[in-house]
Each structure stands twice: as C-alpha cells, then as structure tokens.
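Participant: Residue-level listing of the chains:
Protein chains: 2
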Amino acid sequence: MKSKFPYSKEVQLAFKHEPPGRWMAKFPQGAIRLNSGYPDPRLVPSEEIKGAMARLLEEEKDLPLHYIGSPRIPQLEKFICQRMAERGAPTANEELLVTSGACQAIDLVARVLLDEEAVVAIESPTYMEALEIFQNYTDKYISIPIDENGMKTEKLEEILAERKRKGEALPRILYTIPTFQNPTGTTLSLERRKHLLKLAEQFDFLIMEDDAYGELGFAEKPQLLKALDAGERVIYIGSFSKVVAPGMRIGWAAGPKELIEVLGWFKKDLGHPFAQSTLSAYLETIDFDSHLKKLVSVYEAKARVMVEALEEFMPESAAWFMPSGGYFLWLQIPGVDTAELLSKAHEAGFVYVPGRFFFLDQQEGLEFLRLSFSYTSEENIREGIRLLGQILDAN
Amino acid sequence: MKSKFPYSKEVQLAFKHEPPGRWMAKFPQGAIRLNSGYPDPRLVPSEEIKGAMARLLEEEKDLPLHYIGSPRIPQLEKFICQRMAERGAPTANEELLVTSGACQAIDLVARVLLDEEAVVAIESPTYMEALEIFQNYTDKYISIPIDENGMKTEKLEEILAERKRKGEALPRILYTIPTFQNPTGTTLSLERRKHLLKLAEQFDFLIMEDDAYGELGFAEKPQLLKALDAGERVIYIGSFSKVVAPGMRIGWAAGPKELIEVLGWFKKDLGHPFAQSTLSAYLETIDFDSHLKKLVSVYEAKARVMVEALEEFMPESAAWFMPSGGYFLWLQIPGVDTAELLSKAHEAGFVYVPGRFFFLDQQEGLEFLRLSFSYTSEENIREGIRLLGQILDAN
Numbered sequence: 000m001k002s003k004f005p006y007s008k009e010v011q012l013a014f015k016h017e018p019p020g021r022w023m024a025k026f027p028q029g030a031i032r033l034n035s036g037y038p039d040p041r042l043v044p045s046e047e048i049k050g051a052m053a054r055l056l057e058e059e060k061d062l063p064l065h066y067i068g069s070p071r072i073p074q075l076e077k078f079i080c081q082r083m084a085e086r087g088a089p090t091a092n093e094e095l096l097v098t099s100g101a102c103q104a105i106d107l108v109a110r111v112l113l114d115e116e117a118v119v120a121i122e123s124p125t126y127m128e129a130l131e132i133f134q135n136y137t138d139k140y141i142s143i144p145i146d147e148n149g150m151k152t153e154k155l156e157e158i159l160a161e162r163k164r165k166g167e168a169l170p171r172i173l174y175t176i177p178t179f180q181n182p183t184g185t186t187l188s189l190e191r192r193k194h195l196l197k198l199a200e201q202f203d204f205l206i207m208e209d210d211a212y213g214e215l216g217f218a219e220k221p222q223l224l225k226a227l228d229a230g231e232r233v234i235y236i237g238s239f240s241k242v243v244a245p246g247m248r249i250g251w252a253a254g255p256k257e258l259i260e261v262l263g264w265f266k267k268d269l270g271h272p273f274a275q276s277t278l279s280a281y282l283e284t285i286d287f288d289s290h291l292k293k294l295v296s297v298y299e300a301k302a303r304v305m306v307e308a309l310e311e312f313m314p315e316s317a318a319w320f321m322p323s324g325g326y327f328l329w330l331q332i333p334g335v336d337t338a339e340l341l342s343k344a345h346e347a348g349f350v351y352v353p354g355r356f357f358f359l360d361q362q363e364g365l366e367f368l369r370l371s372f373s374y375t376s377e378e379n380i381r382e383g384i385r386l387l388g389q390i391l392d393a394n
Numbered sequence: 000m001k002s003k004f005p006y007s008k009e010v011q012l013a014f015k016h017e018p019p020g021r022w023m024a025k026f027p028q029g030a031i032r033l034n035s036g037y038p039d040p041r042l043v044p045s046e047e048i049k050g051a052m053a054r055l056l057e058e059e060k061d062l063p064l065h066y067i068g069s070p071r072i073p074q075l076e077k078f079i080c081q082r083m084a085e086r087g088a089p090t091a092n093e094e095l096l097v098t099s100g101a102c103q104a105i106d107l108v109a110r111v112l113l114d115e116e117a118v119v120a121i122e123s124p125t126y127m128e129a130l131e132i133f134q135n136y137t138d139k140y141i142s143i144p145i146d147e148n149g150m151k152t153e154k155l156e157e158i159l160a161e162r163k164r165k166g167e168a169l170p171r172i173l174y175t176i177p178t179f180q181n182p183t184g185t186t187l188s189l190e191r192r193k194h195l196l197k198l199a200e201q202f203d204f205l206i207m208e209d210d211a212y213g214e215l216g217f218a219e220k221p222q223l224l225k226a227l228d229a230g231e232r233v234i235y236i237g238s239f240s241k242v243v244a245p246g247m248r249i250g251w252a253a254g255p256k257e258l259i260e261v262l263g264w265f266k267k268d269l270g271h272p273f274a275q276s277t278l279s280a281y282l283e284t285i286d287f288d289s290h291l292k293k294l295v296s297v298y299e300a301k302a303r304v305m306v307e308a309l310e311e312f313m314p315e316s317a318a319w320f321m322p323s324g325g326y327f328l329w330l331q332i333p334g335v336d337t338a339e340l341l342s343k344a345h346e347a348g349f350v351y352v353p354g355r356f357f358f359l360d361q362q363e364g365l366e367f368l369r370l371s372f373s374y375t376s377e378e379n380i381r382e383g384i385r386l387l388g389q390i391l392d393a394n
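Chains as they are written, first to last, in numbering that gives the first Met the number 0: chain D, 0 to 394; chain H, 0 to 394.
Any given hint could be a false lead.
The list treats identical chains as one, so a pair stands whether inside a single copy or across any two.
As the list claims (entries may be wrong) - Straight-line Cα separation of at most 25 Å, PhoX-like style, residue types lysine-lysine; simulated pairs:
id	residue 1	residue 2
1	Lys292	Lys154
2	Lys77	Lys220
3	Lys163	Lys197
4	Lys60	Lys49
It should be emphasised that the hints constitute simulated quantities derived from the structure, not laboratory data.
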C-alpha cells in the first residue's frame, strides 16, 4: 500500500494484513442471527443497569463523571480480585488492570510483548479479533490444531522441539481460549493444561489465557490455567461482555505485577469511570453466582435445541463438537465452501460466520462455519438450522 | 530496567522514560483543588445524563448494551460532523473516528505515525499526558517556546531551517494545543496559525491540533487550524471531556480519510456503545450553543476571580498570562521552586500542579505552576490564591 502519510515502520508492517473490516455487520435485516457472539437480549440486564445508574448518580452526583473519584471503581477492582480468588487464581490489586473489554487487554499485551521479530503461537482456528490484533505486530506464527479436547499440546511440543533443534525462534507468547473456545466451543483437558504449562517452562514462553466464556460452563467449570500456574507464566484475560453486557466494554488482565504496571503505561485512554462505576453499582445489586446460573440454564437449553436441530437437519457427512459451555458450535460440512454458501443463507433468511475468518491460512477454514446459539431464540435456532439443511440439500 | 519479561523493542525504549505515575491523586483530602483540570461539578450534567440514560434504555432496551446496534451511535457521529462544519472544518463520516477521549486519539496518531526514528515537535510547556504518550514511541523532540500569542512560530521556522541545512531529521508531526492551551492558557494568533500551516507545507510535517478547550472562549473562538488547512496537514483532536463530562471518555480524531481508516485498525477496544449512546441521548435534549454559553459565563467569572486574587496576593515579581478561555492560568514566581513549595501548599490546604511536569526538560519549569480555575468555587479560588501568597511571604 502506497501512501502519502509518514506511517511508522510497525504500521507499514501491519499494512500487509489489511483487516477484513466490519463485514460482520453486513447481512439482511431480519435474518436469523446465528452469527452474533452476543448475549441473549433477554439476559442483558438493561432495567437493572438503568436502576444502578440512577442510584449511582443520586448517591455520587458528579463523581463518576470526572476522571477519577468514584469509590465504586476500586470496588469493581475488589470484586474482580475476589472472583479470581474464588476461581483458584488469587489476584492482588497490583496484579490487575481493568480494560475496555478483553480486546483492549489482548492488544495491550501484544503491544508490550510483541515486535516484528516475535513469534506468536495460536490455536487454529482462533478468535478473529485476536488474529487481527497480532497481525498489527508480527507475521510470525505457530498454528496449533484443535480437537475435541482443545489445542493439541503434543503437536505443540513436537513443533517447539523441532524449532529448537533447528535453532529457530521460539514463541514469546501463546494465545489460547482454553475454555469453551471461540470459535470451536472446545475445552482444553486438564491433562493438556498441565502439559501446556510444562511446555511454557521448558520452552520459555508466556501464555495469554483468554477466559471470556469460562464462567458459562453447562456442567463444570474447568480449572483456570492461571490457577495451575506455578511460575508466573500466565496472563489471564477476563471480561464482563458475555456475562453482563458487551456494550459496557469492561474486561481485565491479571498477571505478574511488573507486567501489569507496564500494560498500564500503554493504556492511554485514562480509564472509564462512568462505565466502570455503573457496572460496579449493578454488581452490588446481584448475587453473581445465581446470575450465572440463570445464564447457564438459558444457554444450555439453547445449545441443546441447536444440537437436536443439527441431528435432524444436517447431512450425514456433517460433524460438530458438542458444546459444554459458552456461546458457540463449530460445524464442518465436508466439500462445502461456507463463504460461498453465505449468500444463499442470506437469501433464505439466516446468517452464520464462515470458518475461514478464524484461520491465519483461510484455506483451512473453507468447509467450517461458526454457529452461535447465544443471541437468537430457541425457535429461531431451530428454524435457522432447518434453513441451513434446506440450502445444503439444494446445493 | 532489567526484567524477566520479553518486552518488545519499542517498550524497551519506553522504559527510558518511566512515567511519573498517578501523583496527581496524592494530595490532602479537603484541600482546595487548583490542580484539577476537571469541569466545575455544578456544570457536569449528572441529572440530565441520568434522564438521558433512562430514556435510552426504555426506548432501545438492550441495544446500547451490545457491541453495535444503537442508532444513537451514528447520531453522535453526525452531531460531531455537523459541529465541525459549523466551526469551519467540514468533516465527512469517513474522516471521523470517535475515541475514548482526546488521549486515545493522540495515542492512536502517535501509534500510527511514530517510531523510534521519528522527531516530534511540541510546545514547551505542553500537556503532560501527551508528553507521556510520545515518550512511549520516540526520544527525539523539538521544543518550541510559548509567549502570550502561543507557540513562537518564528522560532520553529529557525529551528527547522537549521535542521534542514544541517541535514538533520525534520519532524513527522507537530503537536499543538493552539487554543486556551494546557497548561499556559495562551492562544496562537491568526498570523501564527497561518505561518504554522505554511511551515507544515514547506518542511513536510503533519499537525496534531488538540482542541480540548476550543469551545470555551470567553470572548471569541479562534479559527481552527483545521479550518485554515488547505493541504490535509491537520489532524484535529476533539473532546467532550471539558464541555460535558470527562468520565464518559468520549473524544474524536478528524482528518484525512486514509489516515482515519488506519487509526481505526489500531483502535482495538471495539468502541463504547453504552457511553456513546448515552452521550448521544443527552445531546438530543440540549441546545449545545446555549449549553456552552452557560459554561463560558461560569468559567469567565472564575478566571476573573483568580486574576483579581493574583493581583491582590502575589508578590511584585510574579507574572502570568491572562486567560481568554479554557481552564488554566500559568503563573511564574521567579526564584521559587514550585515543586518544593508544594508540600507547604498541602500543609496550608491547597494544591496546584508544579510547572516542571509540563516540560520535557523539567528544569525549565521550576519556577512555574499551573492553576486551574475550572473545578473549585470562586470562594475557594480566592482563598487558595490568598494561601499561596501567604506561603510565598513566609518562604
């Protein structure tokens, strides 16, 4: 890309990977949304947030509307630290940075640890926004395939051992969504979690654990990598987007104090007092565990409806991972280019995300697609899958 | 700084300038705050924002709490574009990026245009957060002194011409707060504005125009650099922090479409639907010009109180620029180290910002201090200045 602007060296590198843009927003109005990684609209507590905000501004007046000052901001930090402790990963206040959603946290970690020489290990497929973020920094990757037990750590070990033997660069960080992964819905087994941490020590890399969906387990909540981490190898990324409301944009990074301090240097938006104190005022009014139970029962029922519809309407050759939590189901339809199929889905009145967007090498994703059971109603889920079956039959 | 973390090359550079940290928050409770660049608490429309938010969530339900979807977000963009046009700098939607306050916009521009080889031209003194941001990218600066007519552009021309003659690098960007500058309160004259734009063409650099205070002129609002710009030299940075509420964290960058698009690639917080749609719902309910008139009458009266108190209580040797808008007054007390004096101010019960924090070479700022007339009451302003006179007498 040629330009009249004096872009920095780093940005010139990023030009090689011009991002796909906001293509997610482009689908027919009224289409059944099996694409959106959004919470169920009925589970977004807009009434409660309205009440919390009114109480906040009555009690604190202008305080939450200044740069700093609301006592509810440290209260939110305390809530997060306490939750981390309950999940087996005690976090001190200096080990926490509240961010604008998980994405800002991922970007800050990338910003601080990556440059054009850095190698990043990623799951294949993985979260597309994370891919976009990393591509702003480096074009050196190690892709680790996924099966029903999450990332294949044996494969990772093989790759790392071979790179070491050949004197090639080892990764600085490994990015993983170990629990109810986006897009596959898979969960890394305990055995592999331990193996991964061993490899991090052995081959000297850091692990970025993106746990955006971790609270949404239908049956069990797997142990956090951070809870199993004895050697300060794990930087944990959390989020309220999937369990309260993404539009508030509140997430966090939890990790070694020294690293968190440096992430803070590069976080130049001066915090978000209004959004953070509103969320804090909302969290005061609920029992978080009961709140999660309610979410989980809704999402589990929706996942069941989706799986039943797939069993009814999909061709014999189709395959999927059974989701045990989170928002997503990953579907493979052998021999079908799901990006090509999308226009037919639009015509039929539903929408999904073609698999290719979750791969560094988009060719690997051609016959996959991501279905989200979180946003739309059970009725629509069934209807959307029925329509998918129909256009596949006609294909 | 030694560390066990594999920090990127860029971050290792930034370690040279370990930021001063959150020292602003450290002053005795109850002290008269002549330090805070905050709006007057009575002018922060918390009641109105509460009402706007209630209406927003009643009308839109969960929409503003998802990632995208609220129609009030494009409405906010339209409001900003329209305002830019009214101020003589028409801005198309593709030339606008809404950000988390001015700071995120400054950081994004720095991110996209700077690397360790880049030279940045800055006013001396200048906004301390901007200094911190630039120091994350480069340590090459050109400092341009300020007088009562703003940045001395003749001095800038001299420096640039000499650098050119010597074959030294010219700046990629020049950062300026041309109107009611932070910290000096000065305003760049029209003649110098035109001169600056000519220099930008001649020496091929971009101008970052930080206009956070530009709407708060007591008598007149100077023409925007962007309104005078014929050659796409100016990237304009705007903010609602000083005219609505800083805690909402909403600002913007307006500039050439191509650059704005790239800024968007590096803005990885996925927007702020909740805060932006709330602000948008609030702006619907007011007449913005009347709102500004109200603010200006309050700040003008407060500035007058501050100046009268200075005339009454300051020693003969003290000097200051007369503010004609904005939040700040810049005071010089020859022979006094204002950072040393601060502990005495704390004891006496008031607080200001020592001048040194606004300079790259802190030595230059020893006998200056920044007084803010925006936040505290007229009564407190007078009392604070009286106390300053008292500790100076005793010094």
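Participant: A separate judgement is required for each hint: does it hold in the structure or not?
Facilitator: Hints, verified against the model:
no.: 1; hint: Lys292 / Lys154; result: neither (36 Å within a copy, 66 Å between copies)
no.: 2; hint: Lys77 / Lys220; result: within (22 Å within a copy, 45 Å between copies)
no.: 3; hint: Lys163 / Lys197; result: within (16 Å within a copy, 56 Å between copies)
no.: 4; hint: Lys60 / Lys49; result: both (15 Å within a copy, 10 Å between copies)
Checked against the numbered hints given earlier, the structure breaks only hint 1 and satisfies all the rest.
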